[in-house]
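2 protein chains.
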Amino acid sequence: MAKKLGRSTFLLEKHPAILASAAIGGKMEGEGPQGAYFDTISNDAQFGEDSWEKAEGRLQQLALQTAMQKAGVSAAEVDCLFAGDLLNQCVGSSYGLQQFEIPFVGLYGACSTMAESLMMAALFVEGGLAKRAAAVTSSHFCSAERQFRFPLEYGGQRPPSAQWTATAAGAAIVGCGQGVSVNAVTVGTIRDLGITDANNMGAAMAPAAASTLTTFFNDSVTHPADYDLILTGDLGQVGRDLLFELLEKEGVRISDRYHDCGLLIYDRDKQDVHAGGSGCGCSASVLCGSILRQMAEGRWKNVLFMATGALMSPTMVQQGEAIPGIAHLLHLKA
Amino acid sequence: MAKKLGRSTFLLEKHPAILASAAIGGKMEGEGPQGAYFDTISNDAQFGEDSWEKAEGRLQQLALQTAMQKAGVSAAEVDCLFAGDLLNQCVGSSYGLQQFEIPFVGLYGACSTMAESLMMAALFVEGGLAKRAAAVTSSHFCSAERQFRFPLEYGGQRPPSAQWTATAAGAAIVGCGQGVSVNAVTVGTIRDLGITDANNMGAAMAPAAASTLTTFFNDSVTHPADYDLILTGDLGQVGRDLLFELLEKEGVRISDRYHDCGLLIYDRDKQDVHAGGSGCGCSASVLCGSILRQMAEGRWKNVLFMATGALMSPTMVQQGEAIPGIAHLLHLKA
Numbered sequence: 001m002a003k004k005l006g007r008s009t010f011l012l013e014k015h016p017a018i019l020a021s022a023a024i025g026g027k028m029e030g031e032g033p034q035g036a037y038f039d040t041i042s043n044d045a046q047f048g049e050d051s052w053e054k055a056e057g058r059l060q061q062l063a064l065q066t067a068m069q070k071a072g073v074s075a076a077e078v079d080c081l082f083a084g085d086l087l088n089q090c091v092g093s094s095y096g097l098q099q100f101e102i103p104f105v106g107l108y109g110a111c112s113t114m115a116e117s118l119m120m121a122a123l124f125v126e127g128g129l130a131k132r133a134a135a136v137t138s139s140h141f142c143s144a145e146r147q148f149r150f151p152l153e154y155g156g157q158r159p160p161s162a163q164w165t166a167t168a169a170g171a172a173i174v175g176c177g178q179g180v181s182v183n184a185v186t187v188g189t190i191r192d193l194g195i196t197d198a199n200n201m202g203a204a205m206a207p208a209a210a211s212t213l214t215t216f217f218n219d220s221v222t223h224p225a226d227y228d229l230i231l232t233g234d235l236g237q238v239g240r241d242l243l244f245e246l247l248e249k250e251g252v253r254i255s256d257r258y259h260d261c262g263l264l265i266y267d268r269d270k271q272d273v274h275a276g277g278s279g280c281g282c283s284a285s286v287l288c289g290s291i292l293r294q295m296a297e298g299r300w301k302n303v304l305f306m307a308t309g310a311l312m313s314p315t316m317v318q319q320g321e322a323i324p325g326i327a328h329l330l331h332l333k334a
Numbered sequence: 001m002a003k004k005l006g007r008s009t010f011l012l013e014k015h016p017a018i019l020a021s022a023a024i025g026g027k028m029e030g031e032g033p034q035g036a037y038f039d040t041i042s043n044d045a046q047f048g049e050d051s052w053e054k055a056e057g058r059l060q061q062l063a064l065q066t067a068m069q070k071a072g073v074s075a076a077e078v079d080c081l082f083a084g085d086l087l088n089q090c091v092g093s094s095y096g097l098q099q100f101e102i103p104f105v106g107l108y109g110a111c112s113t114m115a116e117s118l119m120m121a122a123l124f125v126e127g128g129l130a131k132r133a134a135a136v137t138s139s140h141f142c143s144a145e146r147q148f149r150f151p152l153e154y155g156g157q158r159p160p161s162a163q164w165t166a167t168a169a170g171a172a173i174v175g176c177g178q179g180v181s182v183n184a185v186t187v188g189t190i191r192d193l194g195i196t197d198a199n200n201m202g203a204a205m206a207p208a209a210a211s212t213l214t215t216f217f218n219d220s221v222t223h224p225a226d227y228d229l230i231l232t233g234d235l236g237q238v239g240r241d242l243l244f245e246l247l248e249k250e251g252v253r254i255s256d257r258y259h260d261c262g263l264l265i266y267d268r269d270k271q272d273v274h275a276g277g278s279g280c281g282c283s284a285s286v287l288c289g290s291i292l293r294q295m296a297e298g299r300w301k302n303v304l305f306m307a308t309g310a311l312m313s314p315t316m317v318q319q320g321e322a323i324p325g326i327a328h329l330l331h332l333k334a
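As you go down the protein sequences, you meet chains L and R in turn. Following my numbering, the numbering of the first sequence begins with 1 at its first residue and continues without gaps. Following my numbering, the numbering of the second sequence begins with 1 at its first residue and continues without gaps.
Just to be clear, a hint being listed does not mean it is correct.
To be verified - 25 Å max Cα-Cα, derived DMTMM-like pairs, lysine to aspartate or glutamate:
1) R:K70 with R:E297
2) L:K3 with R:E77
3) R:K333 with R:E297
4) L:K131 with L:E101
5) L:K3 with R:E13
6) R:K131 with L:D219
7) L:K131 with R:D219
8) L:K14 with R:E13
9) L:K270 with L:D241
10) L:K4 with L:D219
11) R:K3 with L:E77
12) L:K3 with R:E101
13) R:K4 with L:E13
14) R:K249 with L:E101
15) L:K249 with L:D226
16) L:K131 with R:E13
Unchecked claim - Which chain R residues stay away from chain L? Per the calculated CB distances, all over 10 Å, these:
17) S42
18) P224
19) E250
The set of hints was computed from the structure by calculation and includes no laboratory data. Every residue gets a Cβ at the ideal spot worked out from N, C-alpha and C, and that includes glycine.
Kindly generate the complete structure, drawing on both the sequences and the hints.
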């Protein structure tokens, strides 16, 4: 059974394993530095569907289907599915995944969803509640832009702090067996430092990232040096700089072992993504694609994966409210 | 540790208890048959706030605050918070509950959220992951109507199958101790029978309710006669009739011990709510208000509480897609 360290950090003593994972991406993601790690890249942004929303559902469907194939399990052998996405009412998940008929726990954690879902899947396996559980999430540039900012046809100009919502999905199957193990998790707390700019998600998420990371270090009595990679979800350039600044105040330095999925997914010199990538699918596809594969190959042994979410609502932003953020953390061990 | 019965039903052997609960309602809910059971009724539909969305956040805040007071615990003594609501990006929860600074797992289950959050809170306490966990949800007529259907100012006509979104919230604190216990839970599966009418949520949810209920009876090897109350979330008149019809085909009869929160919350003879109440706050406030109190008073001993959610997205409905439903179940014992 999981051992509680502090209020919200859990040491998973059975070390549930990520039995298999899959990453699906769009054309632009395939052309970026992560291109080689996607299981499937579609040059058709609609993924054969007739709407952006259904395309996003298809992304999740492909991700889960591929991860189950790689794990050698059928949908009937997965006991519980944790999923969510950025779309209103999380329709990427509900429409994309309903065909599998797996008992479903819908989550909303914005871009933190890969960490939130993987954390819940690991806790369910650890607690004997599921023999196998799946974690799935996605994002799609076109469905996200029209919902959160402006429809693409409007041609709105993007400021330098803006991030590019990845058209991508990731899925992981957790169970007992061979694979990268989930050693510990920390449930995040909502943080809000007053950012009101819907084009500056990185800054809205950095305080939550700093809070969850210091909570984990305190609870587990460990230090950055105990890990060979500390990976955030999608803080991008602006959020990364702010995270370093916030951690510096606490005397925590992570820059020599730090990466951000939002900065890994695109080549910012060649791809016009401004401050980096974002969206649930960004950290999901980078984790489920390259990172887990590199861990299996021995490149990384101890990884802290912390996906961050800006709980951003266009309605609240229009009302002048600040954007709260959240970050959940997993300690993964090869 | 929870004992697994079948794929998605869990017998909670430590019997986590609902230590306290609270229900908050608006003026119309206060005038209905549940009026006496609300902890607070506000005649101001904006709850002192300057937007409907913030009013809904305030509803959740009041519900959690009151439940914690009744349980005699502070926010720092609650280890984990499970919450969500109907608003895009679940802003009722994120804006309403962030001040408590409790580790937060955001959920999206539409009107099934009271059951989803309570189920997760109970599983966390059962598994030793939380000493105390809270489950919170809400809905607000005005924020829901303008988001899902038409802004109130439009004056759109409501068909007879339409339900009235309750302005209400419920919160429960789960832990080890005295109180109604959570004896078993069943995680629901998404079901979709092809309902495309956004004004007929009851019909969209009934298939999921039938599926979860029969799954629970099969997994637990029990029958309707083993329970003195089977309570659905907010099927309303149309959904209730359809549920009976679907269960009849499986040879299951529940009508002699059945209630629906959507039919309990308003007096349909005097209050113009058409097919009944709905919204996350409907089943949340009926459960956290009258039902749990009546269980403590000995009126009901064995209750099946099954909140149902229509995972309805205006975007998908406009695209002609059907509305999927989900239902999660808890067996509560006095």
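To see whether the hints hold, each was checked on the structure:
no., hint, in the structure
1, R:K70 with R:E297, "holds (16 Å)"
2, L:K3 with R:E77, "holds (18 Å)"
3, R:K333 with R:E297, "holds (12 Å)"
4, L:K131 with L:E101, "holds (16 Å)"
5, L:K3 with R:E13, "holds (19 Å)"
6, R:K131 with L:D219, "holds (16 Å)"
7, L:K131 with R:D219, "holds (16 Å)"
8, L:K14 with R:E13, "holds (20 Å)"
9, L:K270 with L:D241, "holds (21 Å)"
10, L:K4 with L:D219, "holds (9 Å)"
11, R:K3 with L:E77, "holds (18 Å)"
12, L:K3 with R:E101, "holds (22 Å)"
13, R:K4 with L:E13, "holds (20 Å)"
14, R:K249 with L:E101, "holds (21 Å)"
15, L:K249 with L:D226, "holds (20 Å)"
16, L:K131 with R:E13, "holds (19 Å)"
17, S42, "holds (20 Å)"
18, P224, "holds (22 Å)"
19, E250, "holds (17 Å)"
Hint violations for this structure: none, all hints satisfied.
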